[in-house]
Structures are given as structure tokens and as C-alpha cells.
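For this one, chain A is given, so just place chain B on it according to the hints.
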Amino acid sequence: MKNVKLVLFVILMGMAVSHAQNKQLLYDFYEIPQSLILNPGVKTPYKWHTGIPVLSGFSFQVGTSGVTVNDLFAEDGIDFTTKFRDKVINSLSQNDDFGYSGQLEIFNAGFRSVKNPKDYYSFGAYGEGFASIFWPKDLAILAFEGNANNLNRRFDFNDLSTQGEAVSVLHFGINRKVNDKWTIGARAKIYSSVYEFKSTSNSGYFVTTQGEDNILRNTVVADVTMRTSGVEEILDIIDDDTGSTQADLAKLLLSRSLFGGNLGLGFDLGFTHKLNENSFLTASLLDLGFIYHTKDIKNYTLNGAASNEGIEIRLPEDLTNLSNDIWQDLVDDFERLIPFETNDESYISLRPIKLNVSYRYNFGQQRDKPENCDCGIKPVNRTENFDYKNALGAHLFVINRPRGPQAALTAFYQKRLGKVLALKTTYTADKYTLTNIGLGLNLQVGPINFYILGDNLLGYQNIPASNYASLQFGFNIISWNGN
Amino acid sequence: MKNLVFCVFLIAIILGVLSSCADDQNFEQFDDLSVEPTVASSIFYFESDEATINFAGSGAFYSEVFTFEAFNEAFVSENVLDGVITYEVENTTTKELNITIDFLDADGNVLDSEFFAIQPAPAAILERQIAYGDTGRSLDILRNTTNIRVRGDNVGDATSTSSLSEPKIILRSSAEFRLKLR
Numbered sequence: 001m002k003n004v005k006l007v008l009f010v011i012l013m014g015m016a017v018s019h020a021q022n023k024q025l026l027y028d029f030y031e032i033p034q035s036l037i038l039n040p041g042v043k044t045p046y047k048w049h050t051g052i053p054v055l056s057g058f059s060f061q062v063g064t065s066g067v068t069v070n071d072l073f074a075e076d077g078i079d080f081t082t083k084f085r086d087k088v089i090n091s092l093s094q095n096d097d098f099g100y101s102g103q104l105e106i107f108n109a110g111f112r113s114v115k116n117p118k119d120y121y122s123f124g125a126y127g128e129g130f131a132s133i134f135w136p137k138d139l140a141i142l143a144f145e146g147n148a149n150n151l152n153r154r155f156d157f158n159d160l161s162t163q164g165e166a167v168s169v170l171h172f173g174i175n176r177k178v179n180d181k182w183t184i185g186a187r188a189k190i191y192s193s194v195y196e197f198k199s200t201s202n203s204g205y206f207v208t209t210q211g212e213d214n215i216l217r218n219t220v221v222a223d224v225t226m227r228t229s230g231v232e233e234i235l236d237i238i239d240d241d242t243g244s245t246q247a248d249l250a251k252l253l254l255s256r257s258l259f260g261g262n263l264g265l266g267f268d269l270g271f272t273h274k275l276n277e278n279s280f281l282t283a284s285l286l287d288l289g290f291i292y293h294t295k296d297i298k299n300y301t302l303n304g305a306a307s308n309e310g311i312e313i314r315l316p317e318d319l320t321n322l323s324n325d326i327w328q329d330l331v332d333d334f335e336r337l338i339p340f341e342t343n344d345e346s347y348i349s350l351r352p353i354k355l356n357v358s359y360r361y362n363f364g365q366q367r368d369k370p371e372n373c374d375c376g377i378k379p380v381n382r383t384e385n386f387d388y389k390n391a392l393g394a395h396l397f398v399i400n401r402p403r404g405p406q407a408a409l410t411a412f413y414q415k416r417l418g419k420v421l422a423l424k425t426t427y428t429a430d431k432y433t434l435t436n437i438g439l440g441l442n443l444q445v446g447p448i449n450f451y452i453l454g455d456n457l458l459g460y461q462n463i464p465a466s467n468y469a470s471l472q473f474g475f476n477i478i479s480w481n482g483n
Numbered sequence: 001m002k003n004l005v006f007c008v009f010l011i012a013i014i015l016g017v018l019s020s021c022a023d024d025q026n027f028e029q030f031d032d033l034s035v036e037p038t039v040a041s042s043i044f045y046f047e048s049d050e051a052t053i054n055f056a057g058s059g060a061f062y063s064e065v066f067t068f069e070a071f072n073e074a075f076v077s078e079n080v081l082d083g084v085i086t087y088e089v090e091n092t093t094t095k096e097l098n099i100t101i102d103f104l105d106a107d108g109n110v111l112d113s114e115f116f117a118i119q120p121a122p123a124a125i126l127e128r129q130i131a132y133g134d135t136g137r138s139l140d141i142l143r144n145t146t147n148i149r150v151r152g153d154n155v156g157d158a159t160s161t162s163s164l165s166e167p168k169i170i171l172r173s174s175a176e177f178r179l180k181l182r
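Quick mapping for you: the protein sequence lines, in order, are chains A and B. Residues in the first sequence are numbered consecutively from 1, following full-length UniProt numbering. Residues in the second sequence are numbered consecutively from 1, following full-length UniProt numbering.
Just to be clear, a hint being listed does not mean it is correct.
[Said to hold, decoys possible] List time: in silico DMTMM-like cross-link candidates among lysine to aspartate or glutamate, alpha-carbon distance up to 20 Å:
{"hint": "1", "chain 1": "A", "residue 1": "LYS87", "chain 2": "B", "residue 2": "ASP31"}
{"hint": "2", "chain 1": "A", "residue 1": "LYS87", "chain 2": "B", "residue 2": "ASP24"}
{"hint": "3", "chain 1": "A", "residue 1": "LYS83", "chain 2": "B", "residue 2": "GLU69"}
{"hint": "4", "chain 1": "B", "residue 1": "LYS180", "chain 2": "A", "residue 2": "ASP156"}
{"hint": "5", "chain 1": "A", "residue 1": "LYS137", "chain 2": "B", "residue 2": "GLU36"}
{"hint": "6", "chain 1": "B", "residue 1": "LYS180", "chain 2": "A", "residue 2": "ASP79"}
{"hint": "7", "chain 1": "A", "residue 1": "LYS137", "chain 2": "A", "residue 2": "ASP156"}
{"hint": "8", "chain 1": "A", "residue 1": "LYS198", "chain 2": "A", "residue 2": "GLU128"}
{"hint": "9", "chain 1": "A", "residue 1": "LYS198", "chain 2": "A", "residue 2": "ASP213"}
{"hint": "10", "chain 1": "A", "residue 1": "LYS87", "chain 2": "B", "residue 2": "GLU36"}
Note that these hints are calculated values from the structure, not bench results.
Okay, chain B solo, but in the shape it has when bound:
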């Protein structure tokens, strides 16, 4: 009797195995996988103390072109979907200042330009966000940028000094890009 029970149990298991089945699977769905992370990083930081601005006098106190190939690195330029560049400008000097950021291609052509007219202290921190992609400026600007020119102009006097501690003009920037990894 016990053997019979065991055999029935065994047969039930074997039948269960033999009747194994598999739901329909569609591995083509993998083609639909979309991986689009948003990556963020600071871009560049510029600061100048008031003494340097005064020393240069009125007009340009700084103008320099330097290489910047973060945007046209193949990984970014080939995969970027859209992005936002954020600028923050903080002025604790007594000067009214202008700062211009130019995005240049390899031949020195200006692809894009950002101009900041900055009031003397006390002034609120100026924040500006520039969108690139479908709802903003062309992504080709970023893809082709290999150099950045930073220019600072003093449109105020060249003698006054702020009473604030360590008066400076500071420009901060960061970028957020959405990338299409697949």
C-alpha cells in the first residue's frame, strides 16, 4: 500500500515534469530598451579679485581662449539628446562688469555666445539656464565646440574698492546632459 502511494506520488511528479510548458517569450522586446541617463558636471569656474580689475583699468581685464573638448568627446557628441547649461554670476566688487563666454569651433568661429551684464555689489546672484536640443539652441553648437573664450570687461571705474571681505567677480557653470546610451 505504501509503495502504491509512493508510486502515485512519483507518477504525479513525473507527469508534472512531462507536462512542463513555457509561456510565450518575446526576446525582440530588448530592442525597445531605452537607457537615457542624465549626467551632470561643473564646466568651468572663473574668478577675479577687485585688485586685478583695478590694475587693468577700464575695458578688458581678461580675455583668453582655452581648449574645451568635453562636449565634442565622441561619447557625448554622439549620444547627447538635450541638455541645459547653468550659469551663476556673483559680483561683490564695486564695478559694473561685463562677462562674455564664446563657444568656438576648431577654426575659431563663434558658434554661440553668452553675455552677462553684471551690476556692482550689492547685487543678487545672477542665474541663467540655456537649453540645448529640441526646445533650445542647436546641439551642433555643443558638438562642434572645441574652445571657449572668456572675456571680462570693466565698465566701471578703476579705483574704488569694496568694503566687503575679498571682493570678487565669480562665474560658475555646470551642465546637465541627457544621453542616449541605447
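Excised from the complex, chain A in its bound form:
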């Protein structure tokens, strides 16, 4: 029972994957080196930087779509089953999703090329994971109500869509200031999958109709697949439940994190384009890549079609050839027509591609702004890049999801208070919430850089009633250009 509660709680407190990937506060906040991860073509005003290992970047996001913890678990005196029926069964659609996500930077560093100062190289490693499940509306109604009062209703297996993974990523990127107007960047990534499960693009249905001969006819048409890699071995260790379970599990996960898992390759691309003295257009395309799963694979399939109107006895045909084991024959026929099978076939999973586009307008009196001397390409210097006192802009984020692209639109305002403090506030609208106000703070004390970014602050008024919350923070050491 505790496990069931835990699963339910995790699901309800989990976050939609699109939230996990949308880091609108960090995007183009180029005082923070981690902004390079979101756009390899962002401005890089650093001579070099290094994150403090394990502390340089941590993010965790929770949220729900369609229902909140408070909707169900508030002490409101309403019968829980009634609340569950009203808020979940009758309210959620198959496009509502739940999950959780987190990212931990292991290390992150960068340096400007001595030979070619317009180039900035960065590299590092991080681990990230997420799980998401789209609400299986039809199957939930079938489980909650049954089929007796739902004759002729097709319970669609397409509603079954879930995926999750943990992956470690080793990356190397190059950022180049091409000229005064263009900065471009690219990043190569090697993925090492710790585990993955994925069941998307399912089809089929279950329906109960009036029978042709008998009273009712149940029909199942199924094309359902669940692919897993790296899961079986983890489950085996947990099932064994020996005294060394934790150590064995840690050893396995560490081994896979250090590129002993299923490997993949990916790329990020991005640019910053100066439209005029105060206007900038940026864009990035992230995780154009794949993971090739060959180890510890176990795939589950349910594929076929069958209809049934119960046991049939027809005379005279069955006078002589009817088996007495007619029930088992019926079961065997069903399993033959819709076999539930497993296999260990390798497969390729594409990474969820993400697109960021932003427009930014700087305004306000600028201090220490260099003259536009038209004197050739130089590395970006700190004062040139932190020329803004204020910046306004918009940011579009799109992620490719199993049910099609999902977008989030952000308006932001950014302000610098001297060389020490930079603040950014955002308003984001997406399918999950229209009241997402975020706030980011970047503090620079000497070479020490600290940042903290919080999302959906209005939700903190009553956290269980919030659909979404996120927090990112980290420490870096930065040496700036011109220092």
C-alpha cells in the first residue's frame, strides 16, 4: 500500500517533460556559463570558467497537468472516491501528462583559445533523468467503470503512452564569434543510457458490442509495445534483495553512467545574431541525436485481434467434435490470436529534439560601452556583453513529444545592477499553466559566480495546489575577458 501511495504521489508531484526541458530563465542568461548548454551559440564573455564539481548545476522540476495534489488530498471532507472520479477520471484527457525530471551537472568547464581568441571551447558531463506518463484516459475509465455500462465505446490503447530514462552525457562544444553580428556554436554529445522504458505509438482498442449470436461480443485489437533497456538487471538486483543490494545497484548505475551503458550520439546547434545595436535574435536546436540500445533489452508486445461471444455449442456440428476442455480451448485461442510476447531486439531511440528561439532588446544607459570602432573581430569582452542595463524580450520553446510538438512562450525582463548582480524575471504560458512567473538571480563576487533560478513563484502560495515548480542553482568560477 505504501508503494502504491508513493507511486501516486510521485506521479502527481511529477512534472511534464516539456517543463523539464524548458529552462526559460537560464536561456540567454549569458552571465551564467550553463547557458551554453541551452545555446552553444550564446555570447561568451569569459576567458575561462569552471563549475564547482557536482555543485555547478542542479535542477529539479515538479508539476502536474490537469490535477494537483491539493485537488485530491486537501482536507476538505469530500469522499476521496468522489474527488478521484470528478478530478481525475472525468476531467483529465489523454493529453494530460505527469512525470518528473532532474539534472545534475558533474563537471563543466570552458576556455578561450589562445591561438584563436574568437573561439571558446566548453566541455563537461551531466546526468539527467525523467519519467512521464500521459493519462491513459480510456483505460482508466475501463478500470474504474468497467465495460458493462459502456457498450459500443472503444477503449483506445493509443491512450497508453509513457516513457522514462536516466542518461549521462559527455559533451564538448565550440563557440565562435564569427563577426560583430554573428556568434555561432555547436556541441557534440555522447550519451550513455542507464535505463530507458518507452511505450508510445500504441494502437488498438477494446470494445463490447451487441453479439451476433450471443448477447454480447467483446473485441480486442491490439498493437502495443513497451521497449525497455537496462531495466531488467536493475529489477533483478532489487528482487534478489540480498545484503548487498544497494552496493550492487550503485555499482551497476555507476558503471552505466561511465559509458558502460547503451551509447548514443547527438549534437546541439545555436547562434546569436545582432540585428542592430540593441536587438538580438538567438536560436538553438538541441539533442539532434539517438541512443542505440543493445544491452539488457527486454521488449514486451501485445499484437493481434480477437472477438469473443463466450463458449459456443452448435448442434449437430459439435455433437462429435466438441472438446470437454472447451474453456481452456477458448483461452488458448485468445492467447494465440493476441500473443503477449517478449523479445530482446536492439532498437534506436531518438532524443527529444528541442528548439529555442528568442528576441532580446537592450535599453537603458550603458556604462563603459566601447565605441563601435569597426576594428575587426575580437573576443567578446565583459563590458561589451554586459552593456545592457535592462533587456526585454520573448522566448519560444518547442519540444518534440510523443503526441506532437509542445510549445511554451515566455516574455522576460532582465536587469543588471552593476557588475555584481543580474536579475531576470519571466512570464511563461504553456498548456500547463498561464500564471508562471519566474525569477532568476546571478551573483558575481570576484571570480565566484552563484546563480539561482526559480519558476512558477505564484505556486508557492500553496505548493500542493500548484501545477508546477522548478528550481535551478549552481556555483562557478569565472575569469572574464579583458581581466
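Frame of chain A; chain B shown alone:
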């Protein structure tokens, strides 16, 4: 001045965050969740043409025991709360017929029996619903049923033939069970 306004705005937001709170939540409520779907399916279908009945003569024209373990499958027997079995009998033959359905346990003991006396055509379709559970017969009948015996008896003549197209005796059946999933 602008910096002051911004700082006030910032402080307001930070105070808002610091004053975050959470309404009381009671996760024990999950224990009260009740999931009781009603599932429905046909059970068995029996038909015989009039020629077969005539060929057998008077008395039993069919009697057979076959396995039927739908009710005592663990998922059903452990979770069933109540249920209704519906029978429909349609006779387009010229015969007066009797059909008996016996529910048997693994040792062949009769746990329950349903008897249908069917008038010759033209006769209305006979429909009967048998409830099991608190307001009907014992659920243990269903839980322990592993075999069903179907017996058909001709209590009419063995020569007449209906003028209707394809005269038959047909017995249809279905079940609706309410299950306690949690």
C-alpha cells in the same frame, strides 16, 4: 528611482516566496479510494437445429459436461462483489423442450441449477436474470464452479418440422459482475 522600483518589486516576490505555504494534505485518504468496475461478457451459447432434435427422438437430445473456469479464475473469484447472469431462450421449433444448466464443482457436485421449460413456436423469447451476491444466490456457487452441464430434452414429438426458416432452439447467456479492484 527605477532601481528602487525594481528592488521593491524583487523584494515583494522574494517575500512572497518566503511566505510560501501549503494547505494541510491527508494522503491517508488514498485508502478510501474504491474502484469497483462492472464487467460484462457473454458466457455460453447453445443452439440445436430441429433435425437434430428429431433424430434423437423423445427425451434427451443433448447432455454434456464441459470445463468452465471463468468464475473461479483467481481475479474474479477473489474480487467479485455481486453479479447477474442473464439467459435468453428462443425456440422456433415445433417442440416443447426443456433445457437444464447445472453448475458443477471440481468433484461433480451440482452447486446450482437453472431449468427452462420452453413452449413450441410461436413463443416469446424467454429471458431470465439470476442475481448472485447479497441480494441473490451465494457467490460461492460461482467461485466454486469449474464445470457446466448442459442438457436438452425433447418433451414433444420427434417428427414434426417447423415451417419457419432454419428452426432452432437457442440459449444465450451473459454475465455482469461488479469487481472490487481496491
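How the hints compare with the structure:
{"no.": "1", "hint": "A:LYS87 to B:ASP31", "in the structure": "17 Å, holds"}
{"no.": "2", "hint": "A:LYS87 to B:ASP24", "in the structure": "18 Å, holds"}
{"no.": "3", "hint": "A:LYS83 to B:GLU69", "in the structure": "37 Å, violated"}
{"no.": "4", "hint": "B:LYS180 to A:ASP156", "in the structure": "23 Å, violated"}
{"no.": "5", "hint": "A:LYS137 to B:GLU36", "in the structure": "17 Å, holds"}
{"no.": "6", "hint": "B:LYS180 to A:ASP79", "in the structure": "17 Å, holds"}
{"no.": "7", "hint": "A:LYS137 to A:ASP156", "in the structure": "9 Å, holds"}
{"no.": "8", "hint": "A:LYS198 to A:GLU128", "in the structure": "16 Å, holds"}
{"no.": "9", "hint": "A:LYS198 to A:ASP213", "in the structure": "40 Å, violated"}
{"no.": "10", "hint": "A:LYS87 to B:GLU36", "in the structure": "17 Å, holds"}
When each numbered hint is compared with the structure, violations occur for hints 3, 4 and 9.
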